[in-house]
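A.B. asks: In case you want the letters, here they are:
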Amino acid sequence: MSYSERHTSAGPSPSKAGPGGAGLEPGSFRDPESRVFYAGDRVYRALSPDGLADFEALAATGLLDDERVVRTERADDGVVALGDLLVHQPAGILRHERVPFVSYPYEWPFSMLRDAALLQLDLLLAALERDMVMKDSTPYNVQFKGARPIFVDIGSFERMREGEPWVGYRQFCMLYLYPLLLQSLKGVPFQPWLRGSIDGIAPGQMRALLSFRDRFRRGVFTNVFLHARLERRYADRPNQVKQEVRRVFKKELFVSNVRKMRRLVERLAWNPPEGVWTAYGERNTYTDDDTRRKEDFVREVARARDWRLAWDVGANNGRYSRIAAEGAATVVAFDADQGPVELLYRDLRGEADERILALTMNVADPSPGLGWRGLERRSLADRGRPDLVLALALVHHLCIGANVPMSEVVDWFASLGAALVVEFPTREDPMVKKLLAPKREGLHPDYEIDFFERRLGEAFDVERSARLQSGTRVLYYARPKRG
Amino acid sequence: MTTVLAYLDPGSGSMILQIIAGGLAAVAVTAKLYWGRLMRFLRIRKEEPEAAKAETARGTDPG
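Just so you know, the sequences run in chain order C and Z.
For what it's worth, my numbering labels the leading residue of the first sequence as 1, then goes sequentially.
For what it's worth, my numbering labels the leading residue of the second sequence as 1001, then goes sequentially.
The set of hints was computed from the structure by calculation and includes no laboratory data.
Check the hints yourself; a few may be wrong.
Simulated restraints, written as ranges between beta carbons of each label pair [to be verified]:
no., chain 1, residue 1, chain 2, residue 2, range
1, Z, Tyr1007, C, Asp41, 25 to 31 Å
2, C, Ser256, Z, Leu1042, 44 to 50 Å
3, C, Gly196, Z, Leu1042, 51 to 57 Å
4, C, Asp365, Z, Tyr1007, 50 to 56 Å
5, C, Val255, Z, Leu1042, 43 to 49 Å
The C-beta atom is built at its ideal place from N, Cα and C for all residues, glycine as well.
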């Protein structure tokens, strides 16, 4: 078992290069009927004869025009770019719309994974109505454009065969249902589990994580306890079972199982702790002089030109991400804490935002490359560079909180190759004092404003700076040195 | 033809579960139906309107 690829999207570093600089998407090889490749900044998909027949059936249903599905068109001229990258010449080529920034389920807060799960189930139900199915069910087939989920794997749709059960059911459990249950029943964040295993949580493992009491919760007994037991019992009789199942399985049963799953997922909930709500709300309304100065500073930079991709690192409630979005086509708002990211996502979803992508990520421990050769899921650094970076209320957390030397932090900023808005809270700042309090006296001698300014000046051209009213925070706007 | 067509292994136990889960739903519906009949038989629950009408026509005490 395992999944298909996939992300339609950003970024270079393909595994192999074709004639026109084309390259195969390294995360797209599991499904032999369809393979993603890039040529220039275009995203294509090469289809086998079977894959093409499925695509034509899909196109006839009208589902391709559904706005929940990635924009797709036939583009057989793409075959020139493909060259001989594949063993067999493809029967057809598709071209997809690009997603501005690729993200993965281990970077999503609870509600994003839940919304992706609902999208997956709704599309499956829509497909079933048209006598089609989806051959897998992985959240890696869903990408977000701002707060809007989009299904990107056209190759997942295929014509339905008589007596076929829901093939993606087990995968749905492992990558959607169990992670959601883990967080909603146990309060355990699912992200480290998904980042730790590309295939998700196996039924037997999930069962071991739940208590006796949990089996009385809705959907748990069947989908976890019974599932784990049956899996163990029938593990060594796959062919026998498959033939028997195909003999008795009916489409009505398929549809009713998917509907039941949808009702279950719809009811799953998780809320951040009380304190997160309070802080989130306060920061949205509370405006003092410092905040206003900071907003103006960021706004001036944001509007100075058309930015393609801005990162707001340590975005918290997204206040400055929203300002950045005034001048940037896409803003990725990262925060190490899932709580505010969850609340920000809910707000953005309510506003039908398509520009700000809220992700949970600790930049002191960012997403690595995962899967086969470490290339199936890209590392953060490998997913398209920003041209503007906001690092507000971040440096002290990295230097003091995560013990990263000051020079390293500035080097990392410089490695992004982007314009930078950075805030430096001095040692007199209350938050810095709080971070230093539990530490031994004399630690972090490099955390000094003079040293920071020298290092920043070596790596960047500092265009302007401003000390905030309170006097303990300084803002800088810096541009990367040329050459 | 009974070849396995999916590139993804659906899992034997997972397939059986789908039949049982569907079956459980069927059993639940049937059980509910019989439970209702039993309750009416024991006169614990009132007759449903339709049934009640029919019963009244035959002169039974509606309860």
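A.B. asks: Does each hint hold? Answer for all of them.
C.D. replies: These are the hints, each one checked on the structure:
1. The supplied range of 25 to 31 Å is met by Tyr1007/Z and Asp41/C, whose beta-carbon atoms lie about 29 Å from each other.
2. In this structure the supplied range 44 to 50 Å is violated for Ser256/C paired with Leu1042/Z, their Cβ-Cβ distance being about 32 Å.
3. Distance hint for Gly196/C and Leu1042/Z: a CB-CB separation of about 55 Å, consistent with the stated range 51 to 57 Å.
4. In this structure, Asp365/C and Tyr1007/Z break the distance hint of 50 to 56 Å, their C-beta atoms being roughly 33 Å apart.
5. A hinted range of 43 to 49 Å is violated for the C-beta pair Val255/C and Leu1042/Z, which are about 36 Å apart.
Consistency with the previously given hints fails for numbers 2, 4, 5, ordered from lowest to highest.
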